[in-house]
Amino acid sequence: MIGRSLYFILALLLIVVVLGLGLQVGSFEANAATIWDAIFHYDANNTTHFAILHLRLPRLLLALVVGASLAFCGYLMQAMVNNGLADPYLLGTASGASLGAVIVFFGFVPVSMAGLYLPSVFAFAGAFLVTLVVVILGYRKRQLIPSQMLLAGIAMSSLCTAMVGMLTFLSDSEGKLKSVIFWSMGSFERATWQLVAYPAVTILLALLFFAFYQKQLNILLLGSERAQAMGVKVAQTRWVIMGVVSVVTGFAVATSGPVGFVGLIIPHVTRAVMGTTGRGNLLFCAFAGGFFMLLCDLLSRVIYPPAGLPIGIITSFFGVPFFVYLLFKKNYNFRG
Amino acid sequence: MAIRTYTLAMNTKPMLLKYTILCVAAFILLLICGCGSNTHKDEAAARIILEDDLGRKLELKSQPKRVFAFASSMTEMLYAVLDTSTIIARTPNDDYPAAVYSKPIVSNYPVDYEQVLQLKPDLIFTVEGITPLDVAERLGELGVPVYYQKYRTVEDVFTGMEKIGQIMGREKEAHYLADSLRKEVSSMAQKYKNVKQPQQVLAITWKDPIYVYGQNTIFTDKLRILGAENAVKEVFEQPYPALTREYILKLDPDVLLGGSKEKLENEFFGLYPELRKIKAYQNNRIYDPTDNLQSRPGPRIVESLRELEGFLYP
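Here the protein sequences come in this chain order: B and W.
Residue numbers for the first sequence follow this note's numbering, so the first one is 3 and each next one is one higher.
Residue numbers for the second sequence follow this note's numbering, so the first one is 56 and each next one is one higher.
So here's chain B without its partners, still in its complex pose:
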């Protein structure tokens, strides 16, 4: 038990360190003292202070929140379908969001309306619609069948990807292709304090809710029949997980694009570190996801300044070797 608390403290510490480092990287020169000043003695006329407080900090927080959201949802999905290959995009969220955003970029609707930036709105709507279709297809005998949902998700993702591909191919402008790249690999450059608020509030609420639900989740890992026998309402639990995952992933994707791999790998890391049925697993998973995403964002900006590489590239580059290591580690197994 003491070991696990130590891991929590370590994760928090690492997050604070990377946040501190991340605040120093950018076009304006800034050291620890400047950052201290910007936060505690903010001078509205100082552009460096402005950049630190209104550009860098929201960006880092968005990375943190989105990383946490995706890792959290990945953990839930893996528990729900009882399969270590599951990730939050299994419901078709990522490709649905891409399709929604791309529809706006290719001129079918105006880019902004009544002060709303429509690509994000459409991305959210796309993610939600596709998830709805997947749920309808996965609904049999008055309950959600995970294997059906898996297949429906794959099919819907392929369909959306094909549509994005078609729109991209028929596009007449190179600029639009750049937007498509963004919407297939993600970025945190658009972060503002308002934008961070949506995914931050959702993930906090979701974490709070699942603090009381962790036990059911662990029992679900034993398989639906045994879980049922142990008094867990399996059908109901699946609905709850599905609902939470679709909303949390939807906000993450609508603000930052579909960043890959975090939702797949971090849950495995969590189980490797904390054990398969640890009590604080979901919370730790969120912390680890946030930390990993922060680190990847920092690396992307250090490697390729100023704009940074698309974040999905970095998460895969640094995530895959670690994942492979985990797979070969003897004492780790999906079901513990």
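BS3-like, lysine-lysine: derived pairs with alpha carbons at most 30 Å apart: (1) B:178 with W:158; (2) W:251 with W:332; (3) W:332 with B:178; (4) W:205 with W:246; (5) B:178 with W:288; (6) W:248 with W:288; (7) B:180 with W:305; (8) W:318 with B:178; (9) W:120 with W:205; (10) W:175 with W:158; (11) W:251 with W:288; (12) B:235 with B:217; (13) B:217 with B:143; (14) W:334 with W:288; (15) W:318 with B:180; (16) B:178 with W:205; (17) B:178 with W:316; (18) B:180 with W:316; (19) W:227 with W:238; (20) W:246 with W:316; (21) W:116 with W:158; (22) B:178 with W:334; (23) W:305 with B:178; (24) W:205 with B:180; (25) W:227 with W:112; (26) B:180 with W:332; (27) B:180 with W:288; (28) B:180 with W:334.
Think of the hints as simulated: they come from the structure by calculation, not from any bench.
Model the placement of chain W on the given structure of chain B, informed by the hints.
Frame of chain B; chain W shown alone:
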């Protein structure tokens, strides 16, 4: 041989098969005759060796008579220099000069090889970055050489114009046009030679993510002629680098090009409200250049300079 097949077929096979065999035989015969006469002609003609701006060597059978361009800017160049009857096609994006609409459309992305071969061009002109090199190689294998030009300065465009003239036997016309344009450019450069504080100009090409005209584009040279500077000083590998909000905040440009004030208010500053701090926004120096004029390095480059001049010195 064909006749023998024919008689044999008549005796033993049903009618349909008989005719098919006859047709195929006749077609093969025709093909052989056709090829033979072509080879003779080729050998008789003198060959021309060209080297394009990318250092690719091209071999032409004779002076080209049927040409077209894969880039809209290049089509404008061809119209300015050539006898228009030698231009045989246009791409779907070409819209200037108006006469271009009378030419058949050829798809440049993706390239329709069959369509290109059907048009029987002697040479295709294009601009670096518009046509992929592997497409040019494939067309070369199919007997249609592709000639690339690249421009880093306004002067490069005029030299390019003269090179087209040389290839197409229109040296005089090309040289005359290039020289008159050069004169206009140099008088503009003279006028703004002594500008004390050059205005820092940022031109965006895409809003989400933000892409801008980099230092190594012809746009930088246009600004130099007009006594202004590209706000982006750092040289990136790409001609149109992606920038962050923070980078732009640091550049703090005097003038922002990329769309009307209303449009940018909605689609750019609405998305990046932090950028309202830049001087260009504060002083209302936001302009909307004509896209097909600024983005095409062609004979209308002086016209594009005039437009920029209007923005810089209102």
